[in-house]
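Trainee: The primary structure of each chain is shown beneath.
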Amino acid sequence: MKILATVKRVPDPETSIKVKPDGSGIVTDNVKWVINPFDEIAIEEALRIKEKVAGSEVVLVSIGGNAAPNDVKEQLRTGLAMGADGAILVVTDAALEPLVVARALAKLVETEKPDLVVMGKQAIDDDSNAAGQMLAELLGWPQATFASKVELSGDQKSATVIREVDGGLETLRFPLPGIVTADLRLNEPRYASLPGIMKARKKELKEIPIGDLEKAGLDVSGRTQLVKMEPPPKRQAGKLVESVDQLVELLHTEAKVI
Amino acid sequence: MAADIYDTPEHELFRQTVRKFVQEELAPRAREFDQMGRIDKRLYRKMGELGLLGLRYDPKWGGSGLDWSYTAVMFEEIAHCDNAGVAMGITVQTDMATPSLHQFGSDELRARYLMPAVKGEMVAAIAVTEPDAGSDVASIKTRAVRDGDDWVINGSKIYITNAATADWLCLLAVNDPEAGYGGFSQIVVPTDSPGFSYQLLDKIGNWGSDTGLLFFEDVRVPVTNTIGDIGRGFQQQMMQFQDERLIACISTSAGSKALWEETRRYCEERIVFKKPLSKMQVTQFKLVEMLTEITAARELTHHCIRKRIRNEDATMEISMAKLFCGRMARYVADECIQLHGGFGYMKESKAGRAFVDTRLISIGGGADEVMIHYMAKMLGF
Ligand SMILES: Cc1cc2nc3c(=O)[nH]c(=O)nc-3n(C[C@H](O)[C@H](O)[C@H](O)COP(=O)(O)OP(=O)(O)OC[C@H]3O[C@@H](n4cnc5c(N)ncnc54)[C@H](O)[C@@H]3O)c2cc1C
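Same order as they appear, the protein sequences are chains A and B.
Oh and the first sequence: position 49 is 49 in this note's numbering, straight run, nothing missing.
Oh and the second sequence: position 203 is 1203 in this note's numbering, straight run, nothing missing.
Source of the hints: derived by calculation from the structure; they are not laboratory data.
C-beta: ideal position from N, C-alpha, C; glycine also.
Careful: at least some of the hints might be erroneous.
Cβ pair distances, simulated, as ranges [unchecked claim]:
| no. | chain 1 | residue 1 | chain 2 | residue 2 | range |
| --- | --- | --- | --- | --- | --- |
| 1 | A | G55 | B | E1121 | 26 to 36 angstroms |
| 2 | B | F1343 | A | P232 | 31 to 41 angstroms |
| 3 | A | L250 | B | L1200 | 52 to 62 angstroms |
| 4 | A | P69 | B | A1111 | 47 to 57 angstroms |
Below 35 angstroms or equal to it, Euclidean Cα-Cα: the simulated DSBU-like pairs (lysine-lysine) are [as the list claims (entries may be wrong)]:
| no. | chain 1 | residue 1 | chain 2 | residue 2 |
| --- | --- | --- | --- | --- |
| 5 | A | K18 | B | K1275 |
| 6 | B | K1119 | A | K18 |
| 7 | A | K32 | B | K1119 |
| 8 | A | K215 | A | K228 |
| 9 | B | K1377 | B | K1257 |
Bound conformation, chain A alone (with noise of 0.2 angstroms):
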């Protein structure tokens, strides 16, 4: 079977993140980019599902840029080296919302005729958690958000996925093809290692402009615009009480909380 999974490239969650003094975005000088853990536990589900079913490809897709500062490629290369057969990346240096991904996963979709499509929940840098559930909609495909467990059926003709949910789990059956979004506990992704390193050299990377996506009747517009971006307004000092009674008294008057 043929799988894709889809990563985005993202500021290291253990970089600290400033924002532009215009608010038009973060300051990318010095950031660290890895991929979106979300996309990380993707590939490693799609990798364990290749494992498990002989004869299955797993072929990472991408959409951002091809070149320094923003080259998507050294993190298409990590999941190429975690030991997915192929990478395809629609090259465009704009920043896109997720409607206009979901519409461009689709062309892909189109042409790759997956079985199953497995993305992250969500991008640890936007947090839309959308373009999953927007790609199972504009394809018409049955989705299974958050997924925690992911199983085929012997034929691999369904998935059955287990979510968590508020208060417990919830198990849902659907017929491929489909899509699943990855939640944390999914698994953990594996290290790449050196002999993956060393066949990923060999693999194809292949890189489509995004006009060609366009000219094929995708629609780049979008229906949303960032605004402002701030940051979090600042931690102010603790202080230390003297008492209970204190502590109480602070609470309603100041912190205004009780």
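Assemble the complex: chain A is given as a structure, and chain B with the ligand must be docked to it using the hints.
Mentor: The following block gives chain B with the ligand in isolation, referenced to the frame of chain A:
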């Protein structure tokens, strides 16, 4: 940054893999390994799976057939594991106990002992130093006497790294006391051989490493366990030492840099006489002077690596680098302790640990004076 020796995307990916392994598997358990007095042996398997244990070895034996640039990346990252003893144990496995076997061993011996070491299924140790002979390797006394198809080994070895974790030793023994430099052999000795025993030693630093005193009482191993030709052991061991020294230089310059960065942060935060310690000019002088030495050590090391990548002899330069890095690391650790004040003297401080750990660099793998002694000889004095 001299990125020229490792600037491909593969080097970068490899660095990320080692870094992740260090951050997730080694550094969080650094103090636990100190208490255990050794690394968790199971981690070797994981390193084997990731391909870390045979970087320059032939793929036929499970290696990756790469050059020194990858070794440089690996040990620059391992240096951040926050446990010099653990880094030393790994170095013994990859570059001290196994190079001779890889280069000179028979196919049968390599299949039996090298491949499992590259996979991390077996841990190796290098047994050369003896209670009465360290710097002067040719004075060792441990005897291997031939009895039919076996060697019968008697003697003892001291300060041996991986003493408790090792599954086999690369032992240097005398097989012919009359033959001078042609009377030594390198022999693979499994540690479950009857007559072998060890005792752990208590060290001032490198707590995460199991250093031991080894005893051989009529230990029998097949003569086919000899690495390369009988009588060539001394020469083969001298070559094996070169790799070890270069790695000591890589680890030391990366480790000192990490300590410097930690110390800089500390000086920027620590307030003395109402201002950050880093605002005192004397502190700035110290930090800049240290960084100059660290950078020089690193660049000399990279010079050696470039020569080794081109397969040129670098004995002279590696000896210089080993001497320079050892002294540099001791100086940096000492200054960093000083800048940390009382906290620097605590076992929990990186500077304090570096002070006792780096002291080894100028002794192990050939003392500073031995490096100088050999360089003087090479210069024809
Ligand atoms: C923690 C640790 C781990 C070790 N791991 C291993 C291991 O895994 N395998 C192994 O085989 N060995 C190991 N060693 C041993 C190490 O290689 C020796 O300690 C080292 O080679 C010095 O030998 P020595 O201790 O016998 O000192 P000696 O040979 O007695 O030398 C003592 C001092 O004399 C001086 N000196 C020596 N030669 C000269 C000279 N020609 N001119 C002027 N001065 C000189 C030097 O200052 C030297 O430090 C380890 C040692 C330590 C401390």
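Trainee: Hint by hint, where does the structure go against what was stated? Just the numbers, ascending.
Mentor: 6
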